[in-house]
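A.B. asks: Build out the structure end to end from the sequences listed, making use of the hints.
Protein chains in written order, with my numbering: chain A, 73 to 282; chain B, 33 to 285.
Derived by calculation from the structure, the hints in this document are not laboratory data. Remember, predicted model here, so these are calculated numbers, not experimental data. Note that beta-carbon positions come from the ideal geometry of N, C-alpha and C, so glycine has one too. One should not assume that every hint holds.
[Unchecked claim] Distance ranges between label pairs, derived from CB positions:
#1 A/221 / B/175: 22 to 32 Å
#2 B/264 / A/101: 41 to 51 Å
#3 A/109 / B/117: 47 to 57 Å
#4 B/90 / A/262: 44 to 54 Å
#5 B/99 / A/100: 47 to 57 Å
#6 B/132 / A/206: 37 to 47 Å
[Stated by the list, open to error] Partial selection, computed: residues in chain A whose CB lies under 7 Å from chain B:
#7 95
#8 117
#9 135
#10 136
#11 138
#12 139
#13 220
#14 222
#15 245
#16 247
#17 248
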Amino acid sequence: MKTWVALAAALGALSSCVPRVHWQPSAGLLRSSSGFSITLPPGWMVLAQGANSTSGFVAASRDGPSLQCIAAGATGAPGNESPAISALKAWQRMPLYTTADSTGNKNAALVAATLGGDATPPVVEPSSPTAVGGRLGFRAEVKWNDPTGLPVRSVVLGAIVGPRLYWLLYAAPARHYFDLDLATFDEVARTFHIEPAGEKPVQESSAPGY
Amino acid sequence: MSGFSKERALIAVALLAGACAGPTHRVHPEAASRWEGLRTVGVVQPAVPVYELDASGNLEEKPDWTEAAENNLAQAIASELTVRGVKPFSVVSSMETEPELVDAMLLFEAVTRDVLFANYVVPFVTPHSGFRYSLGDLSSLARSYDVDGFVFAVGQGQNSSGGRTASEVAKTVVGALLAILSGGGGAYEPQFGVDWLAIGLVDARGDLLWFGVYDSGGGDLRSLSSATNLTRAATHEMPVKVPGPQALPKGGP
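C.D. replies: Put into structure tokens, the structure is as follows:
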């Protein structure tokens with residue numbers, strides 16, 4: 073009987089583009105070097121910060137990143153693009169299954185084939201301004217089909233503070249999994265705090281467009 | 033159904049490649065009690081594209097090969113259910129006639145990816161939560177087909193082209209000669225295609241009660257014997273239904 077080890081040897085070329093990623097059990101409160109803190113659910117696994125060159129993000133999942141993913145990060149403030157789409161793109165670049173290599177090509181194909189890729193353009197549902205991390209921000213629902221055709225739903229929260237967009241999102245297959253952990257995401261969202269280094273908290277005058 | 037793309041197949045194979053030696057099946061914590069309730073099970077047409085692997089290592093899907101493989105695997109899965117005391121019922125999904133079944137199949141592909149990743153590559157599942165995956169409530173579909181559950185299967189087949197076979201054989205011969213001349217060691221190991229199959233058994237609630245996966249090299253899923261061998265290996269640990277008071281005929285008390 074062939075073993076998994078034997079298969080790994082037979083597929084050496086493929087396995088070389090599947091490095092181990094640094095998932096670890098959630099330890100609760102997590103302070104990001106990108107200027108936010110968040111408390112992730114117990115029993116979930118967390119993609120560790122600093123595991124790769126895109127440090128500063130946080131991603132968590134219980135059953136696997138294609139089935140439910142809560143993620144947060146900070147990026148440059150979007151220009152004309154919808155902040156929700158900007159956050160979604162940042163999440164899509166996360167190495168949920170792989171870490172980036174020097175060339176990126178093979179790994180990029182693998183990452184793009186998760187929920188993060190899209191076969192249909194993401195549709196952003198209209199939403200109203202809301203408090204996010206102690207700032208005035210937005211909450212948007214986004215829907216798309218992944219590259220396999222699987223319908224995916226996502227909730228994106230974000231706030232623009234100075235030159236940065238602070239965001240967190242929840243993404244899961246529309247069937248079964250989205251409803252399963254939406255309440256958990258809302259609990260996590262209440263723990264999200266924006267804490268930009270060297271900046272006093274500011275009250276945004278208006279919510280960003282979305 | 034042949035919508036299982038090359039890209040997705042590569043993911044699963046890559047994840048398999050990163051997996052460790054160990055049991056190749058997983059079981060829901062309540063599988064033992066729920067298994068007895070499965071009398072008739074719908075066998076959803078597997079999604080197993082078959083590719084030609086050329087001398088350069090490129091893959092090209094062959095739709096007629098895929099169709100033959102998927103039909104063979106459906107037949108082999110039905111046989112494995114029968115010997116376990118479960119009556120199989122063939123279910124062919126299509127977006128036009130059964131969109132919910134297609135949605136469930138797409139979700140099974142995602143579940144397979146994460147079962148492989150979170151159970152074989154990274155230890156996601158804690159002892160407290162156990163192996164709990166779902167395709168969502170399938171009770172209305174089960175009623176419409178008059179079944180108690182469904183079997184879903186995804187995978188991939190690879191057949192070496194004539195050029196690749198010749199090339200690998202030549203490399204093996206040359207490698208063997210070099211090994212002899214150099215005093216042994218370093219012989220070339222030929223790289224032919226690898227087939228793999230993941231099978232999931234869900235009840236009407238949609239809960240994944242049993243999951244098995246296996247890989248095999250040198251087969252040809254266009255032949256029923258290869259498809260049967262791969263299916264037998266993937267379902268090797270699937271339990272056999274024990275005849276008894278609980279195994280009542282459909283419609284019984």
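A.B. asks: Are the hints correct? Go through all of them and say.
C.D. replies: Now the hints, each set against the structure:
1. Take residue 221 of chain A and residue 175 of chain B: their Cβ atoms lie about 25 Å apart, and the range 22 to 32 Å holds.
2. As the Cβ distance of residue 264 of chain B to residue 101 of chain A is approximately 49 Å, the hint placing it in 41 to 51 Å holds.
3. Between residue 109 of chain A and residue 117 of chain B the beta carbons are some 55 Å apart, a value that agrees with the proposed interval 47 to 57 Å.
4. The hint said 44 to 54 Å for the Cβ distance between residue 90 of chain B and residue 262 of chain A, and at roughly 50 Å that hint holds.
5. For residue 99 of chain B and residue 100 of chain A, the Cβ-Cβ distance of about 51 Å falls inside the hinted range of 47 to 57 Å, so the restraint holds.
6. For residue 132 of chain B and residue 206 of chain A, the hinted distance range of 37 to 47 Å is satisfied, since their beta carbons lie about 42 Å from each other.
7. Given the 7 Å rule on beta carbons, the hint for residue 95 of chain A holds: about 5 Å separates it from the nearest Cβ of chain B.
8. Hint status for residue 117 of chain A relative to chain B: holds, with the closest Cβ pair at about 5 Å, below 7 Å.
9. Look at residue 135 of chain A: its Cβ gets to within about 6 Å of chain B, closer than 7 Å, so that hint holds up.
10. Using the Cβ-Cβ criterion of 7 Å, the hint placing residue 136 of chain A at the interface with chain B is satisfied: the shortest such distance is roughly 2 Å.
11. Against a cut-off of 7 Å between C-beta atoms, the interface hint on residue 138 of chain A holds, since the closest Cβ of chain B lies about 5 Å away.
12. With its C-beta approaching chain B no nearer than about 5 Å, residue 139 of chain A sits inside the 7 Å limit, and its interface hint holds.
13. Satisfaction of the interface hint for residue 220 of chain A is found here, the shortest Cβ-Cβ separation to chain B being roughly 6 Å, below the 7 Å cut-off.
14. Restraint check, residue 222 of chain A versus chain B: the minimum CB separation of about 4 Å is within 7 Å; hint holds.
15. For residue 245 of chain A, the shortest C-beta to C-beta distance to chain B is roughly 6 Å, which falls under 7 Å, so the interface hint holds.
16. The restraint placing residue 247 of chain A at the interface with chain B holds, with a minimum CB-CB distance near 5 Å, inside the 7 Å limit.
17. Evaluation of the residue 248 of chain A hint against chain B yields a held restraint, the C-beta minimum of about 3 Å falling below 7 Å.
In the structure shown, no violation is registered for any of the earlier numbered hints.
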